[in-house]
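S.K.: I would like the entire structure built from these sequences, with the hints used as guidance.
Top to bottom, those sequences are chains Z and E.
Residues in the first sequence are numbered from 1 upward in steps of one, following this note's numbering.
Residues in the second sequence are numbered from 1 upward in steps of one, following this note's numbering.
Simulated from the structure, these hints should not be mistaken for laboratory data.
Glycine included, each C-beta is placed from N, C-alpha and C at the ideal position.
Among the hints, erroneous ones may be present.
Said to hold, decoys possible - Covered stretches of chain E (chain Z as the covering partner; in silico rule of three or more C-beta atoms under 8 Å from a C-beta of chain Z):
hint, stretch
1, 246 to 253
2, 355 to 362
3, 423 to 429
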Amino acid sequence: MKRWIVGLLLVAGAWLACPGPVVRGQSSDAPLFDDGTLHRVDLWVNSRDWAFLRANFQLNDYYPATLKWRDQTVRNVGIRSRGTGSRSPFKPGLRVDFSRFTTGQRFLGLKALVLDNLTQDASFLHELVAMKLFRRLEIQAPREALAAVYVNNTYAGVYAVVEEPDDTAMARMFGDGSGYLHEYKWLYEYRFEDLGDDLERYRALFEPRTRELETSFALFEPIAAMVRTFNQAPDEEFEEKASEYLDLSRFLAYAGAQAYLAEWDGLLGYAGLNNFYLYRRAGSHRFDIVPWDEDNAFGPLDYPLDSYHEGNVLMRRLMEREPWRDVYFSAVLAAAASAEEGREADPEAPGVLAGGWMEREILRLQALVRERGLADRFKPFTNEEFEQASAAMLTFARERGGITKADVGRMRAGRPSASALPALRAGRRK
Amino acid sequence: MGSLSDTPLAVVVALLSLARPIEARLPDPFARGPIAEAAQEQAGGRPAAASEKQAPGKKGKPKKQGGQPREDQNPPPEAPDDTDGKRVRFVWKTGPSLRVGKDLRVDFRLKLQADFRGSDQDLEPAGGTLELPRRRFGVKGHVFRVVEFEVERDLVQDGVWRDVYVNLRPLNALQLQAGKFKVPFSREQLIGSTDLDFLYRSLAAEILAPNRDVGFMLHGQAWHRTVRYQVGTFRGDGENTPAFEPPPLLTGEEIALPSARSVAGRVIVRPLAPLPVPAIVKTLEIGASAMRSDLPEGQNHLQGRTIFGTRFFRRGFYVNGPRQRTGIDVSWSPGPASVSAEYLRVEDARRGVGVGDENGLDNDLAPLPARGWYVGGTWALTGEKKAGGIEPRRPFPLHGPGAIEIAARYEGLRFGGGDMSEPPSRSPRAANAAGNAEGIVTLGVNWYLNRFIRMQLNGIRERVEDASASPVPGRASVWTVACRLQFVM
Chain Z
1 MKRWIVGLLL VAGAWLACPG PVVRGQSSDA PLFDDGTLHR VDLWVNSRDW
51 AFLRANFQLN DYYPATLKWR DQTVRNVGIR SRGTGSRSPF KPGLRVDFSR
101 FTTGQRFLGL KALVLDNLTQ DASFLHELVA MKLFRRLEIQ APREALAAVY
151 VNNTYAGVYA VVEEPDDTAM ARMFGDGSGY LHEYKWLYEY RFEDLGDDLE
201 RYRALFEPRT RELETSFALF EPIAAMVRTF NQAPDEEFEE KASEYLDLSR
251 FLAYAGAQAY LAEWDGLLGY AGLNNFYLYR RAGSHRFDIV PWDEDNAFGP
301 LDYPLDSYHE GNVLMRRLME REPWRDVYFS AVLAAAASAE EGREADPEAP
351 GVLAGGWMER EILRLQALVR ERGLADRFKP FTNEEFEQAS AAMLTFARER
401 GGITKADVGR MRAGRPSASA LPALRAGRRK
Chain E
1 MGSLSDTPLA VVVALLSLAR PIEARLPDPF ARGPIAEAAQ EQAGGRPAAA
51 SEKQAPGKKG KPKKQGGQPR EDQNPPPEAP DDTDGKRVRF VWKTGPSLRV
101 GKDLRVDFRL KLQADFRGSD QDLEPAGGTL ELPRRRFGVK GHVFRVVEFE
151 VERDLVQDGV WRDVYVNLRP LNALQLQAGK FKVPFSREQL IGSTDLDFLY
201 RSLAAEILAP NRDVGFMLHG QAWHRTVRYQ VGTFRGDGEN TPAFEPPPLL
251 TGEEIALPSA RSVAGRVIVR PLAPLPVPAI VKTLEIGASA MRSDLPEGQN
301 HLQGRTIFGT RFFRRGFYVN GPRQRTGIDV SWSPGPASVS AEYLRVEDAR
351 RGVGVGDENG LDNDLAPLPA RGWYVGGTWA LTGEKKAGGI EPRRPFPLHG
401 PGAIEIAARY EGLRFGGGDM SEPPSRSPRA ANAAGNAEGI VTLGVNWYLN
451 RFIRMQLNGI RERVEDASAS PVPGRASVWT VACRLQFVM
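M.R.: Here is the structure:
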């Protein structure tokens with residue numbers, strides 16, 4: 001009996017001493033979005049399909065492909081042409097859907113990936129640097145990196161590998177991916193005007209990207225209620241009511257960062273709202289805004305900080321309130337400060353300032369992309385334009401901070417922004 | 001599909017015909033002659049039933065030695081006629097027939113079927129709960145003993161010609177058939193629709209095997225039908241194969257569709273027939289079929305569908321190149337019982353339809369397979385011999401209740417596959433095509449009232465592997481009960 005007890009104790013002890021089951025997380029996607037390197041992404045597509053995709057680049061038809069990155073190959077992915085103004089038959093922007101043809105297939109834990117063709121950005125770096133700045137400002141934004149893309153072993157150009165906003169990305173950003181994600185689709189100039197009770201009007205603008213099968217009421221009534229509040233809440237209750245649907249400080253942080261970046265086609269764009277996602281966590285009425293498509297950042301150096309504020313219902317009502325004006329200006333200055341972080345006098349060159357964070361990032365990324373960028377024969381720019389755009393970015397990084405600080409000073413003193421930019425104010429279309 | 005108003009007509013015609021057929025079965029030297037036997041043999045014991053196959057032949061073994069004579073038989077050719085001279089006669093023995101001495105014989109054929117059925121699934125897309133699946137009229141006969149012919153057409157508006165062929169029979173071992181007829185592939189597909197043990201053919205034979213096409217065929221038999229063969233070339237891949245569609249074309253692009261010409265062959269052997277073994281085992285038959293045709297590039301593979309037409313495997317994969325069909329079958333009819341089994345496989349080549357890799361663009365993929373099989377058996381409770389088809393010993397209504405037979409079949413049909421080292425995918429260029437499968441159990445009772453009228457009752461349980469493609473989405477298993485009233489003359 002004693003031996004039995006001893007034996008049992010030994011077995012129990014051994015069992016307790018054994019390590020528990022190994023819990024393996026999903027393959028990390030972090031290396032894919034490591035912007036410290038120029039990735040190589042290979043796509044293998046049947047030549048007939050590739051010809052069709054290019055010939056029908058305005059359509060969203062999916063074609064099967066194999067994607068290879070480093071030593072990892074994922075087969076039976078679906079690729080389609082993507083973009084709005086950036087669609088191209090020569091250098092198609094691509095959405096790579098890993099589960100299109102194989103239910104549940106993931107690549108590094110991702111359901112889908114965007115290969116941005118960068119045809120609206122001659123420098124190739126606008127969006128990458130802008131998203132990095134957002135994240136430095138603790139604004140949740142998609143990750144991205146640069147890649148040389150090869151289709152059927154033929155160099156297809158420099159692309160940005162962009163994390164697609166989906167439930168996986170929302171889980172990373174907000175800790176919960178089970179909520180309601182909407183992609184804002186630009187159809188007409190819209191600036192949070194009340195669209196009435198017809199939820200289908202909201203459906204057209206705010207395309208659901210998760211929970212697509214839920215009722216219109218579940219999907220769009222919270223958006224409609226938010227917009228109604230922006231429009232109809234009495235002045236004395238505006239902040240309280242609007243805050244039920246949106247973190248106003250975060251909204252202004254985003255608006256301020258975009259203003260610093262001179263993004264003229266964003267949340268406060270020349271043609272109304274554009275290029276963002278709305279995310280609402282399950283069981284909540286509050287929305288978060290996720291930036292998207294910052295190709296048009298790094299606009300004019302003297303881009304006014306109050307551009308298109310008047311037309312936007314929410315921005316106008318916020319800017320009418322001094323505390324919120326101050327929050328906005330602080331957000332602009334925070335963006336500038338973050339971009340210029342580390343900028344200081346060069347001890348070896350008296351009177352010359354060493355580059356700030358943004359300048360250093362641009363220089364680093366330009367070094368990464370320059371050779372492949374010059375070899376990209378599908379880009380809709382000449383190499384000279386590529387060089388000019390690269391130089392303009394550096395100028396922006398060096399000078400935009402000073403301009404915005406001065407502008408904030410003027411506006412805080414009750415004076416208008418320095419620039420008028422009539423061309424932009426008149427509105428341009430992509 | 002038949003309309004409701006057509007059904008009473010079929011029933012009336014069937015009932016009115018009762019008197020004449022019984023008369024035709026009175027003792028008659030001719031009725032026992034080789035011609036009648038030939039007709040009966042090919043018809044599975046029921047006249048006119050063999051019109052879906054080759055023409056009757058001349059001298060041969062008595063039908064009961066025929067093993068599974070209903071399928072691809074070469075029945076014995078013209079027998080001595082008890083008539084004289086060139087007198088033109090109209091006779092009704094096994095059915096209406098026009099004779100001109102020994103030189104010309106024209107038999108008139110009629111086939112009517114009415115189905116009544118109920119199911120868990122919605123049958124409306126498949127013709128509803130009442131359907132008239134076959135209404136056909138035809139003629140069949142021979143000229144100068146060596147030229148045989150058959151013509152059959154649907155008796156419906158926009159009906160199609162079924163069999164339209166001529167068979168030259170210089171020798172039993174070497175015959176040439178030309179026209180439109182069934183492609184020699186698959187045991188069950190070659191059995192006439194009015195001679196099946198069940199209401200519906202197995203899906204393997206119905207979908208994987210071609211039915212009729214235009215072509216010509218050499219066929220014959222040797223060593224007292226111990227060996228039979230058929231080999232032919234045809235214009236297409238069978239009328240039941242969905243039409244080929246080229247891939248989408250780029251602006252200005254032209255591609256030439258390959259010839260769809262096919263080559264098919266079939267061999268049936270009765271290995272025990274020449275051996276000194278009990279007669280009961282001599283009916284064992286083993287068959288093998290093969291067929292090859294060409295597919296144009298496109299999503300042109302075969303589609304999986306349930307008995308009543310629900311697609312459980314749709315065209316979604318690119319194929320290009322030859323389609324290779326193979327099949328083996330075995331059948332045995334010991335006394336009142338029978339067992340049969342068949343396995344069919346179709347492989348569609350996929351040349352140059354892959355997405356490519358470091359080793360080359362547009363690589364070849366493993367062929368896209370489809371395979372099906374069935375195992376079935378019957379037992380005549382009233383004791384009639386099965387070989388050659390059930391013919392009631394005591395036909396209804398004058399001599400008894402007819403013959404009663406029970407039957408059961410289990411079958412499977414599976415699509416998809418390829419390179420099994422790859423994960424399955426719905427990608428149209430997947431190396432391993434994600435597939436789907438269906439299994440069916442059929443239990444049946446056949447009541448042969450007389451040689452002209454038969455009633456069949458089948459209980460059918462279909463189970464689709466991927467329930468989302470089931471006839472009742474989300475529900476894998478579906479039951480159907482179907483009853484058929486058939487008149488064949």
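S.K.: Which numbered hints are broken by the structure, listed smallest first?
M.R.: none
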